[in-house]
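Peer 1: Each chain is listed here by its residues.
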Amino acid sequence: MQKAPHVTDYLTRHCADDEYGCLRGFEAQGGYRAAHTALREMTPQKILDEVRQAGLQGRGGAGFCAGLKWSFMPAPEQQPSYLVCNADESEPGSFKDRLLLERAPHQLLEGILLAARAIGAQKSFIYIRGEYAEAARVMQRAVDEAHAKGYLGDDVMGSGFSHDVVVVRGAGSYICGEETALLESLEGKRGHPRVKPPFPAQRGAFDRPSTVNNVETLCHVPHIIGRGAAWFRSTGTEKSPGTTLFGVSGHVVRPGLFELPLGTPLDEIIFEHAGGVADGRKVKGVIPGGLSMPILPAGELDVAMANEFLQEKGSALGTGGIIVMDDRTCMVRTACVISEFYRAESCGQCGPCREGTAWINDIVTRVERGTGTAEDLELLVDICDGMEGQTICAFADAAAWPVRALLKHFYADFERHVREGVCSFSGSFQL
Amino acid sequence: MATAAGVACEAEIVRITVDGLEYRLHAGPSLLAALDQIGVLMGEVDIPHYCWHAKLSSDGSCRLCQVEIDGQTGLQTACNTPVRDGMIVHTRSEAVVRARQTVLEFLMLNHPLDCPVCDQAGECKLQDYAWRYGAPNSRSREPRRKLEKRIDLGPGVVLDRERCILCRRCVRFCREIPRTGELAVFGRGDRSVIGLFPGVQLDNAYSMNVVDLCPVGALTSRDFRCKARAWQLESVEGVCGGCARGCNIWLDVAKGEVQRYRPRRNDAVNDTWMCDAGRLSYAEIARSDRLDKAWIRNQESVLEPVSVASAISEAARMLAGLVAEKGAGVIAGIASPHATNEDLFAFKRLLDEIGTENSGLAVPHGEADELLICAEKAANATGARAIGFEDARSLLERIRGGGVDGIVILGHDILTAGYLDDETLLGKIDSVILIDTHQSSLMRVAQVVLPARHLAEKAGTLTNCDRRVQRVRPALAADSELLTEGEIVHRLALALGLNGFEAGYDLPRVSRSLAAAVPPFAGITIESLPSDGAQLVSDGGEKGAVR
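Listed in order, the protein sequences are those of chains A and B.
Its first residue numbered 1, the first sequence is counted upward by one per residue in my numbering.
Its first residue numbered 432, the second sequence is counted upward by one per residue in my numbering.
These are calculated hints, taken from the structure and not from any lab test.
These numbers were taken from a predicted model, which means no experiment stands behind them.
Warning: the hint list may mix true and false statements.
Said to hold, decoys possible - Partner residues aside, some chain A positions facing chain B, computed with beta carbon under 10 angstroms:
1) ARG24
2) ARG190
3) VAL277
4) THR357
5) MET387
As the list claims (entries may be wrong) - Below 25 angstroms or equal to it, Euclidean Cα-Cα: the simulated DMTMM-like pairs (lysine to aspartate or glutamate) are:
6) A:LYS408 x A:ASP362
7) A:LYS408 x A:ASP385
8) A:LYS189 x B:ASP634
9) B:LYS580 x A:GLU268
10) B:LYS859 x B:GLU828
11) B:LYS577 x A:GLU184
12) B:LYS658 x B:ASP559
13) B:LYS577 x A:ASP362
14) A:LYS282 x A:ASP326
15) A:LYS123 x A:GLU184
16) B:LYS686 x B:GLU554
17) B:LYS724 x B:GLU735
18) B:LYS757 x B:GLU788
19) A:LYS239 x A:ASP9
20) B:LYS658 x B:ASP910
21) A:LYS196 x B:GLU933
22) A:LYS123 x A:GLU134
23) A:LYS149 x A:GLU131
24) A:LYS196 x B:GLU756
25) A:LYS196 x B:GLU735
26) A:LYS313 x A:GLU268
27) A:LYS408 x A:GLU340
28) A:LYS282 x A:GLU312
29) A:LYS282 x A:GLU238
30) B:LYS724 x B:ASP910
31) B:LYS658 x B:GLU573
32) A:LYS123 x A:ASP207
33) A:LYS196 x B:GLU443
34) A:LYS196 x B:GLU607
35) A:LYS189 x B:GLU554
36) A:LYS408 x B:ASP783
37) B:LYS859 x B:ASP910
38) A:LYS149 x A:GLU102
39) B:LYS577 x A:ASP376
40) B:LYS859 x B:ASP822
The C-beta atom is built at its ideal place from N, Cα and C for all residues, glycine as well.
Could you build all of it, start to finish, from the sequences and the hints given here?
Peer 2: And the structure:
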């Protein structure tokens, strides 16, 4: 058996229990109770209102209010509309959805049922990242179980509501986590983000109104419906209620997932929950929310992990993937690794992103190798300016932010490379 | 045709302001499409763009068409920002200028700058925009990407991947217009390249339109490659003679020869497209089998070259003799569907004044499709019918019956249309006078052969399959011995002393007579015809062309 994950609260409390992964075990812990009640006794509008009042923020990175997103869906017509669960978790530093998919598939299915009911979707797609083979297998088994039990298909739980769930596997591309690229890929096309408008709620999957929600977002829904918006708002901050799964990786003693209330201080997560940095070394910088989010220097770790506070520090919660780097880390080398990722994963559609990601990576690599100049460092900032907000999707922003933040907070590292013509960090390996 | 922008919409008319000038246009479509609809885009309003094209779906990826709109934060791409009433747009603000510079710098990072050897130089949007909107220098120190320089995509098109800026117009064209979808982007990020799907070639009937669409020199025409520089070319408005569609074209001329045909936009006819067969048909102008002199069959029954004037006199002598001996009823004429309305009208008058009703028209047929290509493989069959020429089959019956002793034939369509297997039947006629642009086996039975100008060498009008009359202009200066069919028959009529033919051949006068004499042409004269043509007035009772 796998080592039990570290858990604290409602989303992950039972994730260590193998039985929780099957329908019987899930129901034994109170699973599907919210769906039983809501599908029969609550109108779709009531479900939507409850989630909206709960203030549930999307957990996929952008933090958009889930209930508000649902309200963009038009009234149901003869033609179908869709709910799409974004399980293409591919932000480096994020591994929360994997746990929810593999260890609590029915929790997600219950969330999907409730969300689909609220928005009037006839069918849901769970788009699972290609590398998550086990997650796809577990989800498919759960879907089959739910079908057999009458929790999916025609007349779910005798409520008159019919719903089907289709598990779809991606082919392994970071950009397919962007909701419109995901829709393209779902339709069997190349994963290129779409120009908006039209937004997915107007024209989404297969030209029909669609809502795309992250796995974790949907997993919160049964708990909100089961216990009410007020209960949900009793944890977290006023603007960012509820818990979330912080994934801590990098130079910490105890890397892993920690379900904690939103607003938990970053230093508490690193030093208490993740055990701090080993061997008496110090933190140099922390990426607070997955690779795209701007890095925070060691002096700014006393921030509460919620968007309203992180934004004051020039960063954001993103997917809650916390990457800790200790004082051995070469930040130029870090910029190389990050920029290489974005160069590899840019879909190539928009000129500024396609060319900008490559250009940044070329320059940063030169700086790391010792042939960079002071002008290069200025140019990097200019390139970031030319990319941010200049493209169809937010990928170019996601590629530019980390580089800009590394330059801002760790300019000395870059300057030293330029001055000395070499990378003098012992831990930095050959490119 | 499915087009994103070209759809005429009933939408409300709104007012917007661009750089301080007010425009009234349709609400709904994107700013670029709406400005294009009223014909000011890239004229009065200058919004540079690569990926957007009036006849293709919107892509939004090149990011060059960004503009500033009052009340909206940041810049907006004009290609997918819908027009709204009262919108105030700035295309020259500091932010726009900077954004264009940035976009162009990105696109130029890996461009090979091989303009000196690039066919596109001189008509390249990357060159033009970099010059007009780009920063003077690149700040890049990185080596440029090395990619394949010559990939044969199909019989007509060559791809240079280094020059490509990935606007994907070619990809969208193949998917949306011929719907063949041969092309796609392969690879991701800065490894993205245009390519063919495995096992296919870019060989659809419209493949070479991607060369026109390509804003840079990535897709070049194999036919035109390295033949001429863009700045040496003089472009003349014309109409393709390959089929009854009459696609509007530019005839690009250099060194006294037509170097290529390119489609000319006409939303009522061919949008911005033309088929490959039509595009390559310019080669017939200078083909080695062009007729360039007149011939008369001598005493030994051998054709010998003579002046055009002598050939016309000889033809007149023959026809006059026959009329005097046997009456006008033994004279016949076969019209060419390649000739202009004016040529055909002059020919019709010749036959009428001689006093014969024996005439016919032979139209070659071939494959047709649902896009542009028509079954009738000539540009003016509709015009010929409107002027009064009917199918040649009954005339051929009359010839078989021995009722024809003299015939004037325009062109050799009677053979290519498959009405006759060979020239044998016509050999039974005493006097065959042939007026044609190219040599054919009809010359074996002709007593007089007169060379005629090609469509590229003359002025006139043509009537397409949708009864649209369109103008052609001479792109090439023809030899003085080379006359139009109209002028030849006019001189023949003068030599015959027929009524109503004034001394000099004057095209505008012929055109006015046509408008006055043939009801469908009422009001349509060569001098008043707009450059996008005009519809024939009514259905004159003749059958419409087979599309």
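Peer 1: Could you run down the list of hints and mark each one as holding or not?
Peer 2: Each hint tested on the structure:
Using the Cβ-Cβ criterion of 10 angstroms, the hint placing ARG24 of chain A at the interface with chain B is not satisfied: the shortest such distance is roughly 44 angstroms. Nearest Cβ of chain B to the Cβ of ARG190 of chain A: about 7 angstroms, under the 10 angstroms cut. The hint holds. Look at VAL277 of chain A: its Cβ only gets to about 34 angstroms from chain B, farther than 10 angstroms, so that hint breaks. With a cut of 10 angstroms, the hint placing THR357 of chain A at the interface with chain B holds, because the nearest CB-to-CB distance is about 6 angstroms.
Annotation: MET387 of chain A was flagged as interfacial toward chain B, and the flag holds, the nearest CB pair being 9 angstroms apart, inside 10 angstroms. Taking the CA atoms of LYS408 of chain A and ASP362 of chain A, the gap is about 19 angstroms. The hint holds against a cut of 25 angstroms. Of the supplied pair hints, the one linking LYS408 of chain A and ASP385 of chain A holds, its CA atoms being roughly 14 angstroms apart against a limit of 25 angstroms. Between the alpha carbons of LYS189 of chain A and ASP634 of chain B the distance comes to roughly 23 angstroms, so the proposed pair stays at or under 25 angstroms and holds.
Restraint check: the Cα-Cα separation between LYS580 of chain B and GLU268 of chain A comes to about 57 angstroms, which exceeds 25 angstroms; the hinted pair is violated. At roughly 13 angstroms between alpha-carbon atoms, LYS859 of chain B and GLU828 of chain B fall within 25 angstroms of each other, so this suggested pair holds. With a CA separation close to 30 angstroms, the supplied pair LYS577 of chain B and GLU184 of chain A exceeds the 25 angstroms bound. A hinted pair counts as satisfied when its Cα atoms are at most 25 angstroms apart, and LYS658 of chain B with ASP559 of chain B qualifies at roughly 21 angstroms.
For the hint linking LYS577 of chain B to ASP362 of chain A, the alpha-carbon distance of about 15 angstroms falls within 25 angstroms, and the restraint holds. For the given pair, LYS282 of chain A sits about 5 angstroms from ASP326 of chain A by alpha-carbon distance, which is consistent with the 25 angstroms threshold. Under the criterion of a C-alpha separation no larger than 25 angstroms, the hint pairing LYS123 of chain A with GLU184 of chain A is consistent with the structure, at around 17 angstroms. A distance of roughly 19 angstroms separates the Cα atoms of LYS686 of chain B and GLU554 of chain B; the hinted pair therefore holds under the 25 angstroms criterion.
Restraint check for LYS724 of chain B and GLU735 of chain B: satisfied, since their Cα atoms lie roughly 10 angstroms apart, inside the 25 angstroms limit. Distance restraint check for LYS757 of chain B and GLU788 of chain B: the Cα-Cα separation of roughly 15 angstroms lies within the 25 angstroms cut-off, and the hinted pair is therefore satisfied. Of the pairs offered as hints, the one joining LYS239 of chain A and ASP9 of chain A holds, with about 20 angstroms between alpha carbons and a cut-off of 25 angstroms not exceeded. A distance of roughly 24 angstroms separates the Cα atoms of LYS658 of chain B and ASP910 of chain B; the hinted pair therefore holds under the 25 angstroms criterion.
With a CA separation close to 67 angstroms, the supplied pair LYS196 of chain A and GLU933 of chain B exceeds the 25 angstroms bound. Our distance criterion of 25 angstroms between C-alpha atoms is met by LYS123 of chain A and GLU134 of chain A, whose separation comes to about 23 angstroms. Between LYS149 of chain A and GLU131 of chain A the alpha-carbon distance is near 29 angstroms, which puts this suggested pair outside the 25 angstroms criterion. For the proposed pair LYS196 of chain A and GLU756 of chain B, the alpha carbon gap of about 82 angstroms is over 25 angstroms, so the pair is violated.
A hinted pair counts as satisfied when its Cα atoms are at most 25 angstroms apart, and LYS196 of chain A with GLU735 of chain B does not qualify at roughly 73 angstroms. Restraint check for LYS313 of chain A and GLU268 of chain A: satisfied, since their Cα atoms lie roughly 17 angstroms apart, inside the 25 angstroms limit. A distance of roughly 19 angstroms separates the Cα atoms of LYS408 of chain A and GLU340 of chain A; the hinted pair therefore holds under the 25 angstroms criterion. Taking the CA atoms of LYS282 of chain A and GLU312 of chain A, the gap is near 24 angstroms; set against the 25 angstroms cutoff, the hint holds.
Pair hint LYS282 of chain A plus GLU238 of chain A does not hold up; C-alpha atoms about 32 angstroms apart against a cutoff of 25 angstroms. Taking the CA atoms of LYS724 of chain B and ASP910 of chain B, the gap is about 10 angstroms. The hint holds against a cut of 25 angstroms. Between LYS658 of chain B and GLU573 of chain B, the direct Cα distance comes to roughly 34 angstroms. Violation of the 25 angstroms bound is thereby established for this hinted pair. For the proposed pair LYS123 of chain A and ASP207 of chain A, the alpha carbon gap of about 14 angstroms is at most 25 angstroms, so the pair holds.
Between LYS196 of chain A and GLU443 of chain B, the direct Cα distance comes to roughly 23 angstroms. Compliance with the 25 angstroms bound is thereby established for this hinted pair. The straight-line distance between the Cα atoms of LYS196 of chain A and GLU607 of chain B is roughly 21 angstroms, inside the 25 angstroms bound, and the hint therefore holds. Restraint check: the Cα-Cα separation between LYS189 of chain A and GLU554 of chain B comes to about 34 angstroms, which exceeds 25 angstroms; the hinted pair is violated. Proposed proximity of LYS408 of chain A and ASP783 of chain B is contradicted: the alpha carbons are some 90 angstroms apart, above 25 angstroms.
This hinted pair does not check out: LYS859 of chain B and ASP910 of chain B have alpha carbons roughly 33 angstroms apart, beyond 25 angstroms. Distance hint between LYS149 of chain A and GLU102 of chain A is fulfilled; the C-alpha atoms sit about 20 angstroms from each other, no more than 25 angstroms. Restraint check for LYS577 of chain B and ASP376 of chain A: the C-alpha separation of about 23 angstroms stays at or below 25 angstroms, so the hint holds. Restraint check for LYS859 of chain B and ASP822 of chain B: satisfied, since their Cα atoms lie roughly 21 angstroms apart, inside the 25 angstroms limit.
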